[in-house]
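> In the working numbering, the protein residues as written are 1 to 101.
For the record, the hints were derived by calculation from the structure and aren't laboratory data. Be careful, since some hints might not be right.
FRET-style restraints, in silico, Cβ to Cβ [stated by the list, open to error]:
| no. | residue 1 | residue 2 | range |
| --- | --- | --- | --- |
| 1 | L17 | W53 | 33 to 39 Å |
| 2 | S79 | I23 | 30 to 36 Å |
| 3 | V39 | A95 | 40 to 46 Å |
In silico DSBU-like cross-links for lysine-lysine, where the CA-CA straight-line distance does not exceed 35 Å [to be verified]:
| no. | residue 1 | residue 2 |
| --- | --- | --- |
| 4 | K20 | K100 |
| 5 | K3 | K28 |
| 6 | K3 | K100 |
| 7 | K3 | K20 |
Don't be surprised by glycine CBs; every beta carbon is placed ideally from N, CA and C.
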Amino acid sequence: MLKIAYGSFIINFTFGLLVKARIIDSRKFHLAHHGIYFVVMATLFAAIAVELWNQGEIPYLLIGLFGLLFGMTRFSGRSTGHWQYATLCLVIYSAIVIYKF
Numbered sequence: 001m002l003k004i005a006y007g008s009f010i011i012n013f014t015f016g017l018l019v020k021a022r023i024i025d026s027r028k029f030h031l032a033h034h035g036i037y038f039v040v041m042a043t044l045f046a047a048i049a050v051e052l053w054n055q056g057e058i059p060y061l062l063i064g065l066f067g068l069l070f071g072m073t074r075f076s077g078r079s080t081g082h083w084q085y086a087t088l089c090l091v092i093y094s095a096i097v098i099y100k101f
């Protein structure tokens, strides 16, 4: 489940970079970006549930990551803080995935 959640995040992050670089029109992308974000959060929540159920080694790291990703809603997509915060989330998320696998 964690791989699906991480893959969803990577897709959303990549789309965000393409919009920032003006390769994709942001008006058409806005709804898709929020839809993928919802998938990211839902699959991460499911990954947390699986880790807790199986008494895995990283459920509390994932809970912290969930809070970090939820904090993304505090930034406007047009601000520089949005992509910087997303990059920070990517680094932390990647470290957790590398640690797990």
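> It remains to establish, for every hint, whether it holds in the given structure.
Each hint, compared with the structure:
no.: 1; hint: L17 to W53: 33 to 39 Å; result: holds (34 Å)
no.: 2; hint: S79 to I23: 30 to 36 Å; result: violated (20 Å)
no.: 3; hint: V39 to A95: 40 to 46 Å; result: violated (22 Å)
no.: 4; hint: K20 to K100; result: holds (31 Å)
no.: 5; hint: K3 to K28; result: holds (27 Å)
no.: 6; hint: K3 to K100; result: holds (10 Å)
no.: 7; hint: K3 to K20; result: holds (25 Å)
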